[in-house]
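**Q** Residue strings, one per chain:
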Amino acid sequence: MNTISTDQFRAMLQTALTLVREKESYLSQLDAVTGDGDHGTAIVAALNAAITASEAATDLKAMFNDIGFGIMLTTSGSTSTLLGGFFLGMAEGIEGAEADAGQLKTMFKSGLAGVSKNTKAAVGDKTMMDALMPAVTAMTGTESEDIAEILAAGAAAARKGAEATIAMKANFGRARNYGERSIGTMDAGASSWATIFEAFARHTGPSAK
Amino acid sequence: MNTISTDQFRAMLQTALTLVREKESYLSQLDAVTGDGDHGTAIVAALNAAITASEAATDLKAMFNDIGFGIMLTTSGSTSTLLGGFFLGMAEGIEGAEADAGQLKTMFKSGLAGVSKNTKAAVGDKTMMDALMPAVTAMTGTESEDIAEILAAGAAAARKGAEATIAMKANFGRARNYGERSIGTMDAGASSWATIFEAFARHTGPSAK
Amino acid sequence: MITKFINATDQITRETLEGYTMAYADKVKLGGENIVVRATPKSMDKVAIVTLGGSGHEPALSGFVGEGMLDCSVVGDIFAAPGAQRLFQALQLFKRDAGILLVVLNHSGDVMSANMATQLAERAGIKVVKLLTHEDISAGLDVPDEDRRGLAGCIPLYKIIGAAAEQGKSIEEIAEIGERFIGQTATLAVAMRSCTHPQNGAVIAELPEGEIEIGMGQHGEGGGGRQMLTSADDVASQMITQLMSKLKPAKGDKVLLIINGVGATTHMEMSIVFRKAAMLLAEKGVVVADGKITELLTVQEQAGFQMILSILDEDHVELLKNAPSNAPYWVNIGK
Amino acid sequence: MITKFINATDQITRETLEGYTMAYADKVKLGGENIVVRATPKSMDKVAIVTLGGSGHEPALSGFVGEGMLDCSVVGDIFAAPGAQRLFQALQLFKRDAGILLVVLNHSGDVMSANMATQLAERAGIKVVKLLTHEDISAGLDVPDEDRRGLAGCIPLYKIIGAAAEQGKSIEEIAEIGERFIGQTATLAVAMRSCTHPQNGAVIAELPEGEIEIGMGQHGEGGGGRQMLTSADDVASQMITQLMSKLKPAKGDKVLLIINGVGATTHMEMSIVFRKAAMLLAEKGVVVADGKITELLTVQEQAGFQMILSILDEDHVELLKNAPSNAPYWVNIGK
Ligand SMILES: Nc1ncnc2c1ncn2[C@@H]1O[C@H](COP(=O)(O)OP(=O)(O)O)[C@@H](O)[C@H]1O
Ligand SMILES: Nc1ncnc2c1ncn2[C@@H]1O[C@H](COP(=O)(O)OP(=O)(O)O)[C@@H](O)[C@H]1O
Ligand SMILES: [Mg+2]
Ligand SMILES: [Mg+2]
Ligand SMILES: [Mg+2]
Ligand SMILES: [Mg+2]
Numbered sequence: 001m002n003t004i005s006t007d008q009f010r011a012m013l014q015t016a017l018t019l020v021r022e023k024e025s026y027l028s029q030l031d032a033v034t035g036d037g038d039h040g041t042a043i044v045a046a047l048n049a050a051i052t053a054s055e056a057a058t059d060l061k062a063m064f065n066d067i068g069f070g071i072m073l074t075t076s077g078s079t080s081t082l083l084g085g086f087f088l089g090m091a092e093g094i095e096g097a098e099a100d101a102g103q104l105k106t107m108f109k110s111g112l113a114g115v116s117k118n119t120k121a122a123v124g125d126k127t128m129m130d131a132l133m134p135a136v137t138a139m140t141g142t143e144s145e146d147i148a149e150i151l152a153a154g155a156a157a158a159r160k161g162a163e164a165t166i167a168m169k170a171n172f173g174r175a176r177n178y179g180e181r182s183i184g185t186m187d188a189g190a191s192s193w194a195t196i197f198e199a200f201a202r203h204t205g206p207s208a209k
Numbered sequence: 001m002n003t004i005s006t007d008q009f010r011a012m013l014q015t016a017l018t019l020v021r022e023k024e025s026y027l028s029q030l031d032a033v034t035g036d037g038d039h040g041t042a043i044v045a046a047l048n049a050a051i052t053a054s055e056a057a058t059d060l061k062a063m064f065n066d067i068g069f070g071i072m073l074t075t076s077g078s079t080s081t082l083l084g085g086f087f088l089g090m091a092e093g094i095e096g097a098e099a100d101a102g103q104l105k106t107m108f109k110s111g112l113a114g115v116s117k118n119t120k121a122a123v124g125d126k127t128m129m130d131a132l133m134p135a136v137t138a139m140t141g142t143e144s145e146d147i148a149e150i151l152a153a154g155a156a157a158a159r160k161g162a163e164a165t166i167a168m169k170a171n172f173g174r175a176r177n178y179g180e181r182s183i184g185t186m187d188a189g190a191s192s193w194a195t196i197f198e199a200f201a202r203h204t205g206p207s208a209k
Numbered sequence: 001m002i003t004k005f006i007n008a009t010d011q012i013t014r015e016t017l018e019g020y021t022m023a024y025a026d027k028v029k030l031g032g033e034n035i036v037v038r039a040t041p042k043s044m045d046k047v048a049i050v051t052l053g054g055s056g057h058e059p060a061l062s063g064f065v066g067e068g069m070l071d072c073s074v075v076g077d078i079f080a081a082p083g084a085q086r087l088f089q090a091l092q093l094f095k096r097d098a099g100i101l102l103v104v105l106n107h108s109g110d111v112m113s114a115n116m117a118t119q120l121a122e123r124a125g126i127k128v129v130k131l132l133t134h135e136d137i138s139a140g141l142d143v144p145d146e147d148r149r150g151l152a153g154c155i156p157l158y159k160i161i162g163a164a165a166e167q168g169k170s171i172e173e174i175a176e177i178g179e180r181f182i183g184q185t186a187t188l189a190v191a192m193r194s195c196t197h198p199q200n201g202a203v204i205a206e207l208p209e210g211e212i213e214i215g216m217g218q219h220g221e222g223g224g225g226r227q228m229l230t231s232a233d234d235v236a237s238q239m240i241t242q243l244m245s246k247l248k249p250a251k252g253d254k255v256l257l258i259i260n261g262v263g264a265t266t267h268m269e270m271s272i273v274f275r276k277a278a279m280l281l282a283e284k285g286v287v288v289a290d291g292k293i294t295e296l297l298t299v300q301e302q303a304g305f306q307m308i309l310s311i312l313d314e315d316h317v318e319l320l321k322n323a324p325s326n327a328p329y330w331v332n333i334g335k
Numbered sequence: 001m002i003t004k005f006i007n008a009t010d011q012i013t014r015e016t017l018e019g020y021t022m023a024y025a026d027k028v029k030l031g032g033e034n035i036v037v038r039a040t041p042k043s044m045d046k047v048a049i050v051t052l053g054g055s056g057h058e059p060a061l062s063g064f065v066g067e068g069m070l071d072c073s074v075v076g077d078i079f080a081a082p083g084a085q086r087l088f089q090a091l092q093l094f095k096r097d098a099g100i101l102l103v104v105l106n107h108s109g110d111v112m113s114a115n116m117a118t119q120l121a122e123r124a125g126i127k128v129v130k131l132l133t134h135e136d137i138s139a140g141l142d143v144p145d146e147d148r149r150g151l152a153g154c155i156p157l158y159k160i161i162g163a164a165a166e167q168g169k170s171i172e173e174i175a176e177i178g179e180r181f182i183g184q185t186a187t188l189a190v191a192m193r194s195c196t197h198p199q200n201g202a203v204i205a206e207l208p209e210g211e212i213e214i215g216m217g218q219h220g221e222g223g224g225g226r227q228m229l230t231s232a233d234d235v236a237s238q239m240i241t242q243l244m245s246k247l248k249p250a251k252g253d254k255v256l257l258i259i260n261g262v263g264a265t266t267h268m269e270m271s272i273v274f275r276k277a278a279m280l281l282a283e284k285g286v287v288v289a290d291g292k293i294t295e296l297l298t299v300q301e302q303a304g305f306q307m308i309l310s311i312l313d314e315d316h317v318e319l320l321k322n323a324p325s326n327a328p329y330w331v332n333i334g335k
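Chains as they are written, first to last, in my numbering: chain A, 1 to 209; chain B, 1 to 209; chain C, 1 to 335; chain D, 1 to 335.
Keep in mind the hints are simulated off the structure, nothing from the lab. Hints are supplied without guarantee of correctness; some may be wrong.
To give a feel for the contact side, a few chain C residues facing chain B, derived at Cβ under 7 Å [said to hold, decoys possible]:
| # | residue |
| --- | --- |
| 1 | Ala81 |
| 2 | Ala84 |
| 3 | Asn106 |
| 4 | Gly109 |
| 5 | Gly201 |
| 6 | His219 |
| 7 | Ser245 |
Here are the simulated BS3-like pairs of lysine-lysine, each with C-alpha atoms no more than 27 Å apart in a straight line [said to hold, decoys possible]:
| # | chain 1 | residue 1 | chain 2 | residue 2 |
| --- | --- | --- | --- | --- |
| 8 | C | Lys29 | D | Lys292 |
| 9 | C | Lys169 | D | Lys335 |
| 10 | D | Lys127 | D | Lys254 |
| 11 | A | Lys120 | D | Lys130 |
| 12 | C | Lys29 | D | Lys284 |
| 13 | C | Lys27 | D | Lys321 |
| 14 | D | Lys292 | C | Lys321 |
| 15 | B | Lys117 | C | Lys95 |
| 16 | D | Lys292 | D | Lys248 |
| 17 | B | Lys169 | B | Lys120 |
| 18 | C | Lys292 | D | Lys335 |
| 19 | C | Lys42 | D | Lys335 |
| 20 | A | Lys117 | D | Lys130 |
Just so you know, even glycine gets a beta-carbon here, dropped at the ideal spot from N, CA and C.
Extracted from the complex, chain A is given alone in its bound form (with noise of 0.2 Å):
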C-alpha cells in the first residue's frame, strides 16, 4: 500500500469507530477512576462527528477541516479540542486527494503540532500524548515507504506508551488532582488514542484490502 485516497480514510474511521466502540464502557471505566467516567462516551461521539463530517469533501485538506470543525461544534469535552485540533492540524500538514508515505508521515506530524496548540502535555504527563507522541514519532522513524507498515509502527508505540501511563502520575486533566493516587490505572485517553491507532493499522493492515 503506497498511498491512501479519502475514501480509505474514511473507511479507517470507520474501524476506529466500531473498535471504541467494543471499548466504550471500559474507557468510560478507566476515566470514572481518576476523572468523570464519561471518556468512552466521549470518544465514540466525536468518532461519529467525524464520520459524519467526512462525507462532503473530495479532497484531504478540505476533509480534515471538515472533521476537526465538525467535532468541536457537535461534541464536548477535552476530547473535543483534542481530536479537533488533532484533525485541523492534519488539514494543515497536506494538499491533494491522496497522500503516500512521505506526506502521510507530515501529516500525522502536524496533527500531532495541532493537539499541541491546545496542551503543553507531553511524554509522561500521563495523557493521550503518551499515545499520540510515540506513535508520530516511530511512524516517521520508519523507514519503509509502505503505508501499512508505517502505520503498524505507529499502533504498535501508540499501545506501549498507553501502557506506560499506569505507572504514571497524572499532570493534566481531571486526574491531575489525584496526584499520587492517580499511579496504577491506564490515561483513559491514551488507551483510546492507542485503539484508534490500532484500527488504523488494522484496516491497512494484512487483513485489509
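Based on the hints, put chains B, C and D with the ligands in the right spot on chain A.
**A** The following block gives chains B, C and D with the ligands in isolation, referenced to the frame of chain A:
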C-alpha cells in the same frame, strides 16, 4: 390502693416513660409502615415534656393543666395535641390534691373528652382512640373501688384495642392515604397508648407499694 | 455512624433555623423558639400571614417568610406540626385589628394544632381566619377535600395571598383570593428512592431500585400505585393527565406549572419533566403563564418531585408575577 | 432499568435546556443549539458576559443567564465542555465594540475549548477577554493557580461582573473587578454519597457509607482525604478553617459565605453547616455581609456541598447585594 396523689401520678408518668422508651424504635417502625416513622420519637418527647411540666404544681388540676400546655409548647406532631388535649381534659375533670376511685374514673372520662375535642376518630378508625376509648370504658365500668384494679382493667382493654387495629383500615392521620394497604400493621398511637396504660397499671399493681 | 451533616439529633430543628436566619439575616430572624419572622415587620394595619409545619422540608416553610409573602412560620420538629401552645405564642405576636390569616396544610397533626391554637387565640381576643390547603389528588379525583393532603401547593399560595396582604386588602378579600386559588390547584407527587428520618435513621417507604410510586406523600406515606420507571416523558404524561382531569383547564386558560424537587432528583431531570408537561398543556391550548423548576418543599434526600398545576385567574397572575416578594427562597422583582 | 427521570440518554442536554427555557420563557430562550441567551438582549453598547460548561450541573450554568448576570451560557454534554466551534458560534452572536468577557472555569476541557474558540474569534475580529476561575483549594494552599479547579465560585462572580456590565463599565474595568474577586475567593467541596453518570450509569467516585471526602471535585474527581463523618460542626470547622487559612480575612472584613448543595444533601443540613461556619467567622470578628444556602451548581444526586468564602471589597458588596438581577436562579431586588 384507694386514692392517688400528684406524686403518685408523677411516678406513673416516669414508669410510662421507661416502658415507652424501651419500645421507642419499635413504635417508630410501626409508624414508618403507614406514616412518617417518628411516633416513637414523638411519644418519648411528649412524656419527657409531661414529666418536666408536672414538677411545679401541688394539686392535680394544676398539674394536668401544666402537663397539657407543656406538651403543646415544647413537643410536635399529632401526639402533641392528642396527649396535650388528654391532659387538659383530665384537668377539667378533677379538683384537689388527690383522687379517689370515683374521681379517677371521672378524670379519665374527662381526658377522653379532651381528646375528642381535637379529633372525630372513634373505635374502628385505627388510631390511638382504639386504645383510649375501650380503656376508659373498662375503667368506668369496673365496680371495684380499688385504683389498682381499675387501672388494670384499663390496661387490658387498651392492649386488646390496640391489637384489634392490626385488622383495621385507617381513617385518620397519615395512614389514611394508604387505604386498604394500611391493613396488617398495628397503629403506632394505639400501641403507645396501650403501653402507657400498662405502665399506669404496673405502677399501681401488686409490685407497687 | 451518621450519614447526614447533622449534630445532636434533638438539636436539628433549632440549629437549622439558626443557620438559616444567619444566612439571610437582613430578611428573617427568630421571633421566639422555632418561630421565624421577618427582620423588618410589616405595618400593623395589614393582615398578617402565618403558617405552621414540621421541619425537615427545607426550604419550606420558613424559606418563604419575607416581604410580599409570609409574616411568620411556626416550626415543629422533623415532619411534625408545632404544638398548639407554640403556635398560640406566635399568634399572640401578630395580634392586630386587621387579623391573622393562618395557612394550614391538611395533615392531621397540623390541623389539630391549628384548631387548638385558634381556640386559645379566640379566647385571648385574637382574630384568626384559617385557610386549609388540600390539593393532593392522589386519593382520587372525587374524594372530599378533607381526604386530600396539603402538599407544596401552599407555597405559590403564600406568594399570592402574601402579595394581597401587602396591598392592604381585608382578611375576607384575601381569604377569598386564597380559597379560589386552592380550589383551582392540584398537586401530585412521585417518589423513586426513599429517604431516612434524620433523627432515628428509619428508612421511610423503601422503594426497590427502578420503581416509582406516583401519589406518595411528602413524608414517605404511600398513596399511589407502584410501577417501573420507564421514562421521564411517561411519568410526566401520567401526572399532567391526572392533574388536567382534576382541574379541566379550558383552551386559553392561564396556568402555573411547578416541578418541585423533593431531594435527590436533579434540576436536570425536573427540567426534562417540565418540558413534557408543558408540551402536553400546549397541545390542549393551555397557556403556561408562570413556571418554576426548583426545590421549594423537600422530603430529605428522597428522589422524586411534586408536580403542581394551578389555573390562574387574572388577579392571581398579577399577584403571582407582578407583585414583588423578597423571601429568601422566592424573590420576585415584580413589575 | 433506569433510575433517573430521563428519556434517551443522548437527548438529556437538549431536553433539559428546552424544559428550562420553557419554564422561564420570559427570561431566557435558546439562541442556537445548546446556547442559552436572555429573552431580551442587553443593549449593544454594554460588555457581554458569556460562559461555558458541561450540563449535568443544573441550575448551573444556564440558570444564571438573565438581566444583571450572564448574557449567554454555552452548554456541552454531561460534565463536558462545549466544543470550541459551538462556543465560537455563541461568540459570533455577541460580537460588539464593547467586547465579550468570557468566564472560564479551570478544567482542561473548558480551557482548551475556550482557548481554541478565542483564537477563532480573534481571527474573526471579535473582541474577547477571558476570565479564568480557579478557587478550589483542595490541591493545597500554596499551589499555582493553574493547578486549582474552578468550582461554584464562578456564580457569585457572574453576579458581580454581570452587575458591573449592566452599569456600562468598560471591559477592562469589569475584568479588574472580576480578577480581584477571584483572587479573594476560595472554595472547598465535600462529598458523602456518590452519584451516577446519567448517560452511562457509571458510579462516579464510590464512597463507603458514613465516609466523606473533603476536596472532591464537582465531577466526582477525588482530591482530598477520606474520613468518617462525625458531625456537621466538625466538617464545617475543618472546611472554614482551611478557607480562612487561604484567604486570611482580617477582623472587620466583610465576606460572602455560600453553602452550595451538590444534590442529595438537604437545605436542613446545609443550614446547620452554615451556622457553624458563620459562628467561627464571627469569632474572628469577620462580618458575613452576604450569605446563601442553596443549590447553585450540582453534581447529579451526589450528597455533599461546596463551601465558598470570599472577602468582599466595597464595590463587590455593592454589585452583589445592591444591584438587581433577574436570572431564574439568582433574583435580587437590589436597592
Ligand atoms: N490538558 C490535557 N492535555 C492532554 N490530554 C488531556 C488533557 N486533559 C484531558 N486530556 C485527555 O483527555 C482524557 C479525558 O477525556 P474526556 O473524558 O473525554 O474529557 P473530560 O475530562 O472533559 O471528561 C484524559 O484521559 C486525557 O488523556
Ligand atoms: N386525626 C387523628 N385522630 C386520632 N389519632 C390520630 C390522628 N392523627 C394521628 N393520630 C394518631 O397519632 C399517631 C401518629 O402519631 P405521630 O407519629 O406522633 O404524629 P405525626 O402523624 O404527626 O407524625 C397515629 O398512629 C394515630 O394513632
Ligand atoms: Mg472524562
Ligand atoms: Mg408520625
Ligand atoms: Mg411526624
Ligand atoms: Mg467529561
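**Q** Which of the listed hints are not met by the structure?
**A** Violated: hints 3, 5, 7, 10.
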